[in-house]
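Just so you know, the sequences run in chain order A and B.
Position one of the first sequence corresponds to residue 0 (numbering that gives the first Met the number 0), numbered consecutively onward.
Position one of the second sequence corresponds to residue 0 (numbering that gives the first Met the number 0), numbered consecutively onward.
Calculated directly from the structure, the hints in this document are not laboratory data.
Hints may be right or wrong, so weigh each one.
As the list claims (entries may be wrong) - Calculated cross-link-like contacts (lysine to aspartate or glutamate; reagent style EDC-like; alpha-carbon spacing at most 16 Å):
| no. | chain 1 | residue 1 | chain 2 | residue 2 |
| --- | --- | --- | --- | --- |
| 1 | B | Lys29 | A | Asp123 |
| 2 | B | Lys210 | A | Asp33 |
| 3 | B | Lys128 | B | Asp68 |
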Amino acid sequence: MSPVSGGPAGRTRLATAGARAATVGALAGNGRRDRFAGAAFLALLLLALTVALTGLASLLIWAAIEGAPRLNIGLFTEGPSSLSPETAGYRTAILGTVYVIGGVIALIVPLGVGAAVYLEQFADRSRWWNRFIELNIQNLAGVPSIVFGILGLAFIVRGPFSLGFVAAAASMTLALLVLPTVILASREAIRAVPPSISEGSMALGATRWQTVRRQVLPAALPGILTGVILAVARAIGEAAPLLMVGAVTFVTVDPSFFEGGYSTLPVQIYNYATRPQEVFQVLAAAGVIVMLVVLLAMNSFAIWLRNRYEREW
Amino acid sequence: MSISEDAAGGGAGSIARPRLEASSPRYGEKLIRALLGLCALVSVATTLAIVISLLVPTIGFFGEVPFVDFLFGTDWAPTFADATFGVLPIVIGTLTVTFWALVVAIPVGLLSAIYLAEYAPSRVRRTIKPVLEVLEGVPTVAIGLFALYFLRPLFEDVLPFLPWSGPFSVGVAGFAVGLMIVPLVASVADDAMRAVPSGLRQGAYALGAGKMTVSLRVVLPAAISGVVAAFVLATSRAIGETMVVLLAAGATPQMTFPWQVTESVQTMTAFIGTTATGDIATGTITYDTIFAVGALLFVMTLIMNMFAIRLVRRFREVYE
Chain A
0 MSPVSGGPAG RTRLATAGAR AATVGALAGN GRRDRFAGAA FLALLLLALT
50 VALTGLASLL IWAAIEGAPR LNIGLFTEGP SSLSPETAGY RTAILGTVYV
100 IGGVIALIVP LGVGAAVYLE QFADRSRWWN RFIELNIQNL AGVPSIVFGI
150 LGLAFIVRGP FSLGFVAAAA SMTLALLVLP TVILASREAI RAVPPSISEG
200 SMALGATRWQ TVRRQVLPAA LPGILTGVIL AVARAIGEAA PLLMVGAVTF
250 VTVDPSFFEG GYSTLPVQIY NYATRPQEVF QVLAAAGVIV MLVVLLAMNS
300 FAIWLRNRYE REW
Chain B
0 MSISEDAAGG GAGSIARPRL EASSPRYGEK LIRALLGLCA LVSVATTLAI
50 VISLLVPTIG FFGEVPFVDF LFGTDWAPTF ADATFGVLPI VIGTLTVTFW
100 ALVVAIPVGL LSAIYLAEYA PSRVRRTIKP VLEVLEGVPT VAIGLFALYF
150 LRPLFEDVLP FLPWSGPFSV GVAGFAVGLM IVPLVASVAD DAMRAVPSGL
200 RQGAYALGAG KMTVSLRVVL PAAISGVVAA FVLATSRAIG ETMVVLLAAG
250 ATPQMTFPWQ VTESVQTMTA FIGTTATGDI ATGTITYDTI FAVGALLFVM
300 TLIMNMFAIR LVRRFREVYE
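So that you can see chain B by itself, here it is in the shape it has in the complex (with noise of 0.2 Å):
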């Protein structure tokens, strides 16, 4: 670009200098970089999508139900011939689920991570990771078939005296969302924590450091924002999660405690699941109210995911 410049600049008595320039026009090259541009675009016409098709009934939505009583009603009931459209019940559902998921999952994701980055020998490491990975691939629809017919009589039999009735618990559910999402935590947060550079460990060490202290005081913290936003995907993985709480949550939308884990609860994506799979007849309320609470659901994780992304972009720019 520079010499082609000089050339133009070069006033007179200056050599004449091959240009750098493309003798043709090249045509099929601009065309194949729009096309190419396009398929990036649909992305962008996907979000769009998204938010238009969320959007448009929610507005409708809000027409027929005050916003105050959605986000603050405690009583959901919105397919009944006397509806009511309390968000809360389902919005603690979900909320209940993802906790105990967060309970199984990052104590272990984070352990496990750990024992992966600091611990084990590169060859046990080579094969953990791998069948992690593979792990995470395992269909949510099996996850729940496992927590419904497997995991809820085991509980029973392991924690006899909680009040199991039915066949469904919010408790059993948050567990197999837990499991889903361990390897999920433990590749993310082991990616994290490789990351740190191996003079900060290595300066520890000469300084007799043992290797507890070594992963607790050194490599954790130096790793810790990667370490958050695995905890924070994780958490919008189980807020968004249906097949399992479809499957071994129930579908009673009820306000409990996080420790009353034998509940039947309904989540948010539950409701959606159930509810959309009739054909119902657009711009009804029932139609509408799913895409209110898909609109509430899309909000929470998007908030979620523009955390992790900004804390997995600022570790990086510190050690790469």
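For reference, chain A alone in the conformation it holds in the complex (with noise of 0.2 Å):
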């Protein structure tokens, strides 16, 4: 049995376990080793924060120790080698990369943004098909992103659109990976821009589409863009789905979009990792220092945006 039942009646309820706890706490008299717990709980709550931060701390230190020896311009100007590992680098990795993610940008940003213009603005939320839009994509940010793979296999890679293995593929299994992202942020965007501003545009005989063309989608920009950033910046970081949409492949010629072999940076790194070589363990640890800066700023700028330019209507 759950106390949040249900409207005012589990409101009521727990308010009174609550007064029952807090009051039998009061009158209880044991003031000093109340004290105490408190003290002790703090502590353990303090001590699970410190883990939780340093965990994660850790990993950056730890990248940033592992691979400064390898931190130089060879790294980004060298391609892939089993032979010289010595000299080896990522830069058709990086290539590959800015292919897919420019792929993925192009889709994203018209699909993610008309989808949730659509489900904030147009859509009659009394009709079932529209409520089953919306649960179906709150379903599909879920889906973990090797069943993504397995869609980009069987229908991108093969099946009815049948790119093959090239970047084209990865942009479609990834955009489609990171859609729901850019579709739940851009809608809360959406739904933080007050009504009475389209309520306002509208009266004065602006048409839907005008109003949201010129008011809302303006005044929702930043919250947007946070969306579709940190949605880009999962898509460079993500190697599962691209394992099974060609990316291993050992790319040592400069990719192009819709024919040939490509490689993405994490999944280069991935490769080099799985190799017994010391030598290619300081490499992948290299690789992750350049996609942890590049991925943290991104993520930092995204949420910065969006805290600076949070509106108070």
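Hey, can you piece these two chains together into the complex? The hints should help.
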């Protein structure tokens, strides 16, 4: 039985239970013991937060130390090589990432923002299909990334699209994977624009679309941009679905979008990491530094952007 | 709308009022609406495509392998010449990793959330919350490498009495996945606790309760469905995690007990990730096996996600 089982009755019950607990605690007269327990509890909370932050901070420090010896310009200008790992780098993988992510951006911006505008401004929520679309997007956001790899393999590389193992297939796969993120964030941003703005615009004779284009979208832009950046950051770091759509090939020539083999930065890192020689470990760690610097910068910028332009209407 | 109805039904004698309907049919507007609707339908098409792409080969798979042998068999060797298709070892592998991940992520994430929601001064909160959000974006490949090269040797130094062997360990992989999902647990649980109306807290304080009592006996029960949703989402994320287990848990499908933390196991995601990388021919039994495992994974996470969505929705209904 859940205490929050519904409506005001559930709330009253909670309040009563809380009040009873508070009264019992206060009247039991264990003042000193309570204060001690309170202090111990706070210490426990702080310990948990410290574990959470140091666990992930040590990841950053480890990567910085482990990969530092290889952090030079060759990392960006040299292609991968099994024969001379001492000079191998990420050139082709970085180019591959640029191609793939370019495709992802071209797909997710119109599709994601369009879907969000439809759901927030045009859809009639009393229709079952609109509620179904919403539920469907929430569910898609939780589907494991490797399942999108299966989709990419069966539907995009082979099947209806039959693009083959090329960068464009990777773009489509990743775009579908991060689309829910963009839609959910854009909806949130659009919802934060008060209805009075669009009502005012329509009262002056603007159509729904004119209202969306001239009032709602400009006001929601920072929030939408945050969603897009977070989604792109996720796509840059994603490796699992790309294993299945051909990114594991060892590419030594610069890739192109619609033909030929390609790899991406995280997949290349994985590729190096699975080799037994120590020198590849260092190379993998150096790749992690490059990736983390790019991603952390993007994420920080996105979150700063959202907090900076959060408007009180 | 009501005005135009009045005008239509006003009968004789009433003054003609201006109609509020558009004077032109606005085809452009309708076209835009249809285009935007199509964008929204892409997500439905995606789900449909996932289901179809999983279902067709899975049906082919069960044409050759009996359903019961798949679900309850304890021997997993689908790529061998003498192939066996008992999926239990890799399901156990997945569940073991998930178990250890939750052992780490639930206490650490929940206690961090209580601190952020109830104790932290607003300046501390405003710093730590974005940091957690940024950490949520650390790529899983990086966490896998960290687990393999740093955590694994560290654990061997700290716990030398365990039977360590080889570079892979299900316990270390689980721990790393746990660290990865801590920010998720913390931020969803924190949102849930912050949504509890402050009247409940103030009432308890007015009766003389301490901060710990308020947090544990008032706020936590009031936010429980949101907190449980955080746990369910974290579980779903841990089940679907691929790169960390691929790098740190190994590729040995075997039945282990959860306390055999030093063993190497294969998870469902790792099986898909390793087997599907080669250019396998369509229609072979190996190809179909990938999809059958994928279908099982999809169903498991789908059930958990639906459950989490319901919990969050119920929570919102009570407080908003």
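Hints and how they fare:
1. B:Lys29 - A:Asp123: holds (14 Å)
2. B:Lys210 - A:Asp33: holds (10 Å)
3. B:Lys128 - B:Asp68: violated (47 Å)
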